[in-house]
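Student: Each residue of the sequence shown is one higher than the one before, starting from 1 at the first, in the working numbering.
No lab work stands behind these hints: they were computed from the structure.
Quick caveat: nothing in here was measured; it's all calculated off a predicted structure.
Check each hint, because a few of them may be wrong.
Ranges of calculated distance between the beta carbons of each label pair, as one might list FRET restraints [what the hints assert, rightly or not]:
1) ILE14 / PHE62: 15 to 23 Å
2) MET1 / PRO57: 15 to 23 Å
3) MET1 / ASP60: 30 to 38 Å
4) GLY26 / PRO57: 26 to 34 Å
5) ARG13 / ASP60: 16 to 24 Å
6) ALA70 / ASP20: 15 to 23 Å
Every residue gets a Cβ at the ideal spot worked out from N, C-alpha and C, and that includes glycine.
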Amino acid sequence: MERTVLVVDDHARIVEILRDYLEAAGFTVRTAADGATALALLAREAVDCVVLDIMMPGRDGFAVCRQIRASSK
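All chains should be modelled from the sequences, with the hints used to inform the complete structure.
Tutor: Printed below as a string of structure tokens:
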């Protein structure tokens, strides 16, 4: 069974590195450069794990995490 990981970070190089490693390990990877994009993606599609940067412009990782948790109950 293939697992899907969402990588959320505003630094494109970090996203690229994580995506490459996770895909090499057999994961399907979705990416988002900010919290709003991540939340929109999660509204459309289920993922198994979120790798979330804490320090992002706009909605920080803590706010995104709170919203994910509130909507997943």
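Student: Decide, hint by hint, whether the structure agrees.
Tutor: Do the hints match the structure? See the list:
no., hint, in the structure
1, ILE14 / PHE62: 15 to 23 Å, "18 Å, holds"
2, MET1 / PRO57: 15 to 23 Å, "35 Å, violated"
3, MET1 / ASP60: 30 to 38 Å, "32 Å, holds"
4, GLY26 / PRO57: 26 to 34 Å, "32 Å, holds"
5, ARG13 / ASP60: 16 to 24 Å, "20 Å, holds"
6, ALA70 / ASP20: 15 to 23 Å, "32 Å, violated"
In summary, the structure is inconsistent with hints 2 and 6 from the numbered list given earlier, while agreeing with the others.
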